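There are 2 protein chains.
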Amino acid sequence: MLSRKATCKSHGEDSSYFLGWQEYEKNPHDPVRNPSGIIQLGLAENQLSFDLLESWIARNQEPTGFMKKGGSIFRELALFQDYRGMPVFKKELAEYMAAIRQDRVRFDPNNIVLTAGATSANEALMFCLAEAGEAFLVPTPYYPGFDRDLKWRTGVEIVPIQSSSVNNFRIIPSALEEAYQHAQKLHLKVKGLFITNPSNPLGTTLSIHELDHLINFAIDKNIHIVSDEIYSGTVFDSPRFISIMEAIKKKHLENTAIWSRVHIVSSLSKDFGLPGFRIGMIYFNSKTLIAAATKMSSFGLVSSQSQFLLSKILGDKKFTRNYIMENRNRLKNRRKTLVSGLQKYGIRCLDNNAGLFCWIDMRCLLTSYTFEAEMELWRRIIFEYGLNISPGSSFHCPEPGWFRICFSNMSEETLDLAVRRIKALMDSSSPNAC
Amino acid sequence: MLSRKATCKSHGEDSSYFLGWQEYEKNPHDPVRNPSGIIQLGLAENQLSFDLLESWIARNQEPTGFMKKGGSIFRELALFQDYRGMPVFKKELAEYMAAIRQDRVRFDPNNIVLTAGATSANEALMFCLAEAGEAFLVPTPYYPGFDRDLKWRTGVEIVPIQSSSVNNFRIIPSALEEAYQHAQKLHLKVKGLFITNPSNPLGTTLSIHELDHLINFAIDKNIHIVSDEIYSGTVFDSPRFISIMEAIKKKHLENTAIWSRVHIVSSLSKDFGLPGFRIGMIYFNSKTLIAAATKMSSFGLVSSQSQFLLSKILGDKKFTRNYIMENRNRLKNRRKTLVSGLQKYGIRCLDNNAGLFCWIDMRCLLTSYTFEAEMELWRRIIFEYGLNISPGSSFHCPEPGWFRICFSNMSEETLDLAVRRIKALMDSSSPNAC
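Chains S and F, in that order, give the protein sequences.
Number 45 in the working numbering belongs to position 45 of the first sequence; there are no gaps in the numbering.
Number 190 in the working numbering belongs to position 190 of the second sequence; there are no gaps in the numbering.
Possibly wrong hints are sitting among the right ones.
Each pair may be met inside one copy or between any two copies, as identical chains are not told apart.
Subject to a maximum C-alpha distance of 20 Å in a straight line, what follows is the list of computed EDC-like cross-link-like pairs (lysine to aspartate or glutamate) [stated by the list, open to error]:
| no. | residue 1 | residue 2 |
| --- | --- | --- |
| 1 | K318 | E62 |
| 2 | K249 | E384 |
| 3 | K249 | D147 |
| 4 | K295 | E54 |
| 5 | K151 | E384 |
| 6 | K318 | E134 |
| 7 | K26 | E178 |
| 8 | K249 | E210 |
| 9 | K5 | E131 |
Worth flagging that the hints you see were computed from the coordinates, not collected in a lab.
Please read these numbers as outputs of a predicted model, since none were measured by experiment.
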């Protein structure tokens, strides 16, 4: 009686990524009430700079209290129904997008389509760009939610671009071509590349050479590029972040066919740590797509209350500039705490310059070089050592033994405790050479 | 290169319903700045009771200022990521749903799935209940947006249930069976009935006999019933509102198969006049559907900031009870102003007890009994008399000459002016017998 979608059991919700959350919810660590509980290292959430936002709100009570220049704007916000979004909010978002890209590219507020988070943006893009049964190439390892967001209701297929620890999981030209050929063999029409830059789970940014190659590939194959840049505000170290839009402009391709086939997804959930407010967006260079996606945005609009508040926060340029800088510094320090802690106990992290997480090499703890052994290790870590970390298999990593550890969703003390628990794990293990 | 969805031109956006809005935006009436501009009578928006909400907010500054019992909850709200929604908000919503149904039915907060408005709820329901190419029966006349919400991205088909002014556009058993047979002829598998109660555009509620018949029909055909009850808080006159859930319970069908096939859509956009906040929901009796739709709600979640504020407003029971009552009275008076004004000039309205609009019989002004003549009249009314009203054809009304006029999205003075403009229209016309 129900649709296949309503009853299907796939699309990642049974993966260890989500199972780990369930285990955490049953027994969450609390320094006072439950000191031996599970520490949540599987949640890419940014809690490091809330004090800055909280003090802004304490200083600026008008925008939260539905006031503007002394008068109430409750009525205006409550009735706001223009699904193109608030012009002032889109103007501030466009300027913020430029600011986190060091003003090397400019964005037109009219080209922004607002969505209730990046989840909604990614699905809308698939509905706009592909029919059911067509495919997007996605570099591995990738965010487990993409199996739901890109495929579930759209019927679009993901063809993974394979990667290897030998190349630090970077996107290699031959792997890109192989994925394309693999799709052909499966009789799947490839409609585009879907990249995440900075990468989740790697925490690395794409170089200009990699971006150049991806652009040339998309031109050659006559396909789209979707660049999910929701972590662009978390780049805390060199090399600096290069947006796909900057790479396209550097190649002077603004007036060629590829220009209208390049699309950015962004949000305020990671940079600003505001996932609860559901603020996502798509940036297009194509008027047809702006019109189609705006119409689709009816299925997931952003609350006018949150649009208004964020237009005020982002509009405070001095605050925003300071927030971006300070947040980056704090992320950098946090990563250092985690990485140096792990290094002491012989665990290596992939060198990364962005994100809210590290990509950890735990191959030395596998009892065999298999995904079964990875899951066995994952269960040991969560049940015996009280750490919810995310195994590489949940990110479709082609090699067993890699894990993602988040570092910005807890206090410094809790992260220290997590590192000490990893030490205990190492002490009780007989690691192979890592 | 783009999907068919992105480039299609149908699904209502070219209808006079939306064209009227565009004309209004070019030349909107303003009593001071543009007194001869177009008056918007095409927007089902409730502005009548904002003073009540505004004064509640003035009296309760904690919840808007991210405060709870003197402490800041900004962090908690900003980070809120549970896509099942805030338990306290769902509890208050469940109690509010019962209150506007005179506590004749109770709702379990755990059976509520939150969505970013009813638009998102309706689409999610179609994804849950039907495959592309399957159909829902929808009584005419119906809200133009359904062509987008139910069909566009899902591929689900709408088969209209025909109606007639002879029966005051009520749902007639023979028309229901005819629609079902028509679907069979088109080789469309019928998965359910999609009703709007109270009806938009009619402003009428379904009787217990009509509901009984619809339930029997759904049992007989083994199909679902979706009851869109977003206008349930606008019932301002007798007969009282009867929810599909009350009708089912009256028939003692709680533990039979039909129970899990009955679903309610609701929102706070119409009753409370808060479309900008994007708060919609689905109420299910099926655990499988709760799970599937909750997962789908990721594509359109409600801002935690707005969930929190509304949990506080709805939680103030004294305020909410008073708001419901006072809002109904104001709607009743508004309708009276419009209906008695029109009657004076010989224009009849369908007898209605709910909604933010009346269904007006303007057949007497048609130059011929055709939809072309209806559009000709619509253009005359908007361009010569500056009134944006919505022609029946945009609601898939099977008979020409009917129009929807909204009465709660403007001041009393503006509504009076609109009525005077209709008088001028009548004075300059040679109406047939209406």
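- Query: Which of the listed hints are broken here?
  - Reply: 2, 3, 4, 5, 6, 7
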